[in-house]
Every structure is written in C-alpha cells, then in structure tokens.
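Student: Chain A is fixed; fit chain B onto it per the hints.
Each protein sequence line maps, in turn, to chains A and B. Those letters in the first sequence? Residues 674 to 936, per this note's numbering, in order. Those letters in the second sequence? Residues 443 to 716, per this note's numbering, in order.
Don't read these hints as lab results, they were simulated from the structure. Hints may contain errors.
[Claimed, not checked] Label pairs and their calculated CB-CB ranges:
| id | chain 1 | residue 1 | chain 2 | residue 2 | range |
| --- | --- | --- | --- | --- | --- |
| 1 | B | 561 | A | 781 | 47 to 53 Å |
| 2 | B | 469 | A | 779 | 44 to 50 Å |
| 3 | B | 700 | A | 808 | 33 to 39 Å |
| 4 | A | 910 | B | 708 | 23 to 29 Å |
| 5 | B | 625 | A | 740 | 14 to 20 Å |
Glycine included, each C-beta is placed from N, C-alpha and C at the ideal position.
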Amino acid sequence: MTPKIRIVGVSKAFGGAAAALAGVDLDVAEHELLCLLGPSGCGKSTLLNIVAGFLAPTTGRVLVDEHPVDGPGADRGVVFQEYVLFPWLTVAGNVEFGLKLKGTAADERRRTVARYLDLVGLSAHAGKFPTQLSGGMKQRVAIARALANDPAIILMDEPFGALDAQTREVLQDELSRIQRLEHKTVIFVTHSIREAVYLADRVVVMTSAPGRIKQVFDITLPEVRDRFAPEFTHYESEITRVVKEEVAKTIDGHGRQGPSVHE
Amino acid sequence: MELISTLPELMEWGFRGPALSRRRAIRLKLAAVLGFLALWSLVSGVVVVAKLFNPIFLPGPWMIADALWTLAVKGQLWGHVAATLQRVAIGFSTGAALAIVLGLLAGHVRLVRNILEPVVELLRPIPPLAMLPLFLVWVGIGEGSKVGFITYATFFPTFLTTVHAVRRLDPLLVRAAQSLGARPSQLFVRVILPAALPDILVGIRLGVALSFFVIVISEFIGAEQGLGFLINDGRSFFLVPQMLGAAVLLGLLGYGGNALVRLVERRVLRWQYL
Numbered sequence: 674m675t676p677k678i679r680i681v682g683v684s685k686a687f688g689g690a691a692a693a694l695a696g697v698d699l700d701v702a703e704h705e706l707l708c709l710l711g712p713s714g715c716g717k718s719t720l721l722n723i724v725a726g727f728l729a730p731t732t733g734r735v736l737v738d739e740h741p742v743d744g745p746g747a748d749r750g751v752v753f754q755e756y757v758l759f760p761w762l763t764v765a766g767n768v769e770f771g772l773k774l775k776g777t778a779a780d781e782r783r784r785t786v787a788r789y790l791d792l793v794g795l796s797a798h799a800g801k802f803p804t805q806l807s808g809g810m811k812q813r814v815a816i817a818r819a820l821a822n823d824p825a826i827i828l829m830d831e832p833f834g835a836l837d838a839q840t841r842e843v844l845q846d847e848l849s850r851i852q853r854l855e856h857k858t859v860i861f862v863t864h865s866i867r868e869a870v871y872l873a874d875r876v877v878v879m880t881s882a883p884g885r886i887k888q889v890f891d892i893t894l895p896e897v898r899d900r901f902a903p904e905f906t907h908y909e910s911e912i913t914r915v916v917k918e919e920v921a922k923t924i925d926g927h928g929r930q931g932p933s934v935h936e
Numbered sequence: 443m444e445l446i447s448t449l450p451e452l453m454e455w456g457f458r459g460p461a462l463s464r465r466r467a468i469r470l471k472l473a474a475v476l477g478f479l480a481l482w483s484l485v486s487g488v489v490v491v492a493k494l495f496n497p498i499f500l501p502g503p504w505m506i507a508d509a510l511w512t513l514a515v516k517g518q519l520w521g522h523v524a525a526t527l528q529r530v531a532i533g534f535s536t537g538a539a540l541a542i543v544l545g546l547l548a549g550h551v552r553l554v555r556n557i558l559e560p561v562v563e564l565l566r567p568i569p570p571l572a573m574l575p576l577f578l579v580w581v582g583i584g585e586g587s588k589v590g591f592i593t594y595a596t597f598f599p600t601f602l603t604t605v606h607a608v609r610r611l612d613p614l615l616v617r618a619a620q621s622l623g624a625r626p627s628q629l630f631v632r633v634i635l636p637a638a639l640p641d642i643l644v645g646i647r648l649g650v651a652l653s654f655f656v657i658v659i660s661e662f663i664g665a666e667q668g669l670g671f672l673i674n675d676g677r678s679f680f681l682v683p684q685m686l687g688a689a690v691l692l693g694l695l696g697y698g699g700n701a702l703v704r705l706v707e708r709r710v711l712r713w714q715y716l
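Chain A on its own, in the form it takes in the complex (with noise of 0.2 Å):
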C-alpha cells in the first residue's frame, strides 16, 4: 500500500541561518498517528509545518496521496499549540468554520457539529465564546473544528504543550479513544516522551539542529494503553535513552544547556 505521506529529502533552512531540516525522509501511512518527539528546536515544528503548507521546503517535496503539497489545506487539519479558535465565534459557530467554507446545507452542519461536541464533551457549551472556556476546553474545541472538517489527515503540532498535567492525560486519554472511532492519519509533535508512547503507533525520534530522523520506534502495544505496565515504561526508558545522547550533544557541542526533554 503506498503511504497516505510521504516525506522525501525535505530540509529547511531560515535566511542566511544554520538548517533546521536536514535531509528528513519518512513515510507516513494511512490510519497511523505518528509522534515526532525530539528536544526544543529540533525542527519537529518545522516538518509539521512543511507538511501543512504553511511552510515551503528548501529542498525535497511533501507528497500527500501522491500528490505534492503547495499550501495549506482542507485535506490536512492542524491542531495548534495555541488553540487558534476565532474568538468571534462561539463553540459551534468554531466547529462549524470548515463546514460553511465548503458551503454544507446547515441542517446537515448542525448535525456534524453536535455529533463532535458531544465526541469531545462540549454539548453543554455550544454557545460560549472562547474567552469563556479553559485551555483544555479550547483545546477539544480546536480538535472538534479539525475532525467536523473531516480530513484525511491531522496535525497536531505539541497540542497539549500549554496544558497542566492533570489536564493532559485527560486529554491523551480523550484523543486516544478520538482516534480509535476516526481512525485518522495523524502527525502529532511533542517533546514528552510518555505523550508519545501512550499515544504513537510509531515514535519518531530527531536529532538536535539540524534536525534528521535519528530512530523510529514500532510501538506494539495494545490499542488501550496503560501508562503503568511494564511493557510501557520499558519503551519509556529505551527512548529516554536515546533522546538523552541527543540532548548530551547539545551540550557538549555548544559548552551551553541545551534544550530540555520532558521525561
């Protein structure tokens, strides 16, 4: 089966600057959640960028379906760290954006977004307006508007970065069971190793700047994951200790601190 993306030869370098992306080749198959886990400034973000077209790459190509990337789109749904929700719109006037773009009859709007607010436990709050919710309240609303869009892919770009602890697992758990009724292709940045594992079919490991893809993990554990079994926190320390050499280089490379890895 040819992959839902393919990422072939892309690196990036800003102005005159040192590269960000450094020759990354990965394919990314349909229905899988890809994590791409690496320090701050790895260039994660970039590729995440690059993929959505907000980004153009310095050399090699996105493909999506085998077609090459030029520009952000409908077919890829990015989730931002930020949120990102229109704050002149309310809870469902947000899920509703992509629908109303496409010009979709508003009967049939209604019915999506209800069917993704209640999915992500928002029925109650329809009519609010952003600046009356929580970060993890806006954060479902922000997955909401990108799943009510239905698009084959999804981006999501260290969703749950600005949330507490407490919230984030909320939230993994949330996505996790999100995924197993969507089944989207989804590439999902983060710099938490445990995020990665609980959520990734595959964990994308990149080296500090320029960023490359260092190892690639298969995650085979089972679909409903427990943080607590070994065989989780066996992966755990496998990864921790390979992002751990990355972060040494850092160091050691620039005699400074270098970026930190959430463990």
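Tutor: Relative to chain A, chain B alone:
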C-alpha cells in the same frame, strides 16, 4: 494605538476607588450633572442680583432653554439640527466607508499600502481645519464643501486604525482558516474583517467625534442653516443664549452619536464584553 483603544474605557470606568453598583453610579452621574447646572444657575443668578456685569454675557440655563424653546416654537430649530445631522451623516459615512475599504486593502496588500501610506502620512499632520478654505475654493460654499470636508477629516482616524488592525492580525488565525479550506476571498470576509472589527469600531468612534468637531467650523462659513450657523449668527446679533443653546445641542448630538456607536459595538462585539 494601544492608548486609543484603552483611553475611553479608562475615562468611563476609571481605575481607582471602590466599585460602585450600576444604580449608584447612574445616580452619582445624574447628581453631578444637576450639580453643574445648579452651580451655573447660581453664578448667573448672582451676576443678575449683584449687577456685577451685563447678565447677557452669562445667561443661566433657563435662558438657554428659553432661547431653544422659542426657536423650536417658531419652527426653525429642527431645520438647523437636521442640516447639521445630515451633513455629519453623509460626510462621515462616506469618509468611514472609504477609510475601511482602503484601510483593509492597504493592510492586506503590500503594494496598496506602499502607495497609500506615504500620502496619508504626509496629509495627516496637517490640521484638517487648515484645509477648509481650500475645500471652499475647490467646491464652493455649498453643501459639497461641508460634506466633503467632514469626509476628509474623518477619513484619517478610521483609515489608520483599520490598517493597524489588519496588520496586527494573528497570522495563526489565517493559518487555522487556510487549513480548514478558506480561499483568499473567504479569508478576507470570515477572518480578516471580523478580527479587525474591534479596532475599526474604535476608529469609527474617533471619526464620529471628529465630524462633530469640524462641522461647526465649516458651518461658520457660508451656511444658512445648521448649529454652527446658529452660533455664528448668535455672535453677529449678540444672542448669547442662542450661541450657548446651539453648543449644548451639539454636545448632546455628539454624546448621542458616541452612545450609538457603543451600542453597535456591544452588539457586534458581544464576545469582547463577556
């Protein structure tokens, strides 16, 4: 720009002293207005009783009410108010519409910005009143010069706040909309315009205030109607109550205009007043 958007709130709510209940605040404001009128009456009463100077220089509030009442009974007052309101309405809405359209374009399209901004920056520091005689020379002493002058004067604040609003738009909002499938035209209508609306409304409020400011002066020159004409006419014939009466009416109209924009703001920007 930050100052402009927060100043009205500061002036309205203040930031020191205990919070007052809505009813107490209204009662306090009403008492302040009545107190001012009482003080004014007292001073002009003392002038009359003590024969300090000719009381015609400082007529009491009752004399102003009387002057306005006389004009109203003679059927002249409404014509003056309507003339001023009509000039402000036409001049201001033309200026605001031009400013919003050009401001959105200039904020969005770099080419348009590079052409418009230097011109605006050159004209803006000139006090609009300095341009009034020029309008009279160009358009003549008719309605055209008055309406055109208001259009000219009110264009600047609304244009500048609109350009600013579009330029400080959060680029992530654009990305979010694009990855939901927004085409450029949809982006403009569904993201750029609503995101810019709060600042545009600040510009509109400044524009309304400015149009009442400049209409008076343009009605001093070559007008047969309008509140500015009433003031100037009062000066020629030494009708001080008429001058003050027209001024009070202008104040009330300006206040009403501002209140109207604020009402629209509260409706349209419901999400900001939660």
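Student: Now, for every hint given, state plainly whether the structure supports it.
Tutor: Hints, verified against the model:
{"no.": "1", "hint": "B/561 x A/781: 47 to 53 Å", "verdict": "holds (49 Å)"}
{"no.": "2", "hint": "B/469 x A/779: 44 to 50 Å", "verdict": "holds (47 Å)"}
{"no.": "3", "hint": "B/700 x A/808: 33 to 39 Å", "verdict": "holds (37 Å)"}
{"no.": "4", "hint": "A/910 x B/708: 23 to 29 Å", "verdict": "violated (57 Å)"}
{"no.": "5", "hint": "B/625 x A/740: 14 to 20 Å", "verdict": "holds (18 Å)"}
When the structure is compared with the earlier hints, a violation turns up for hint 4 alone.
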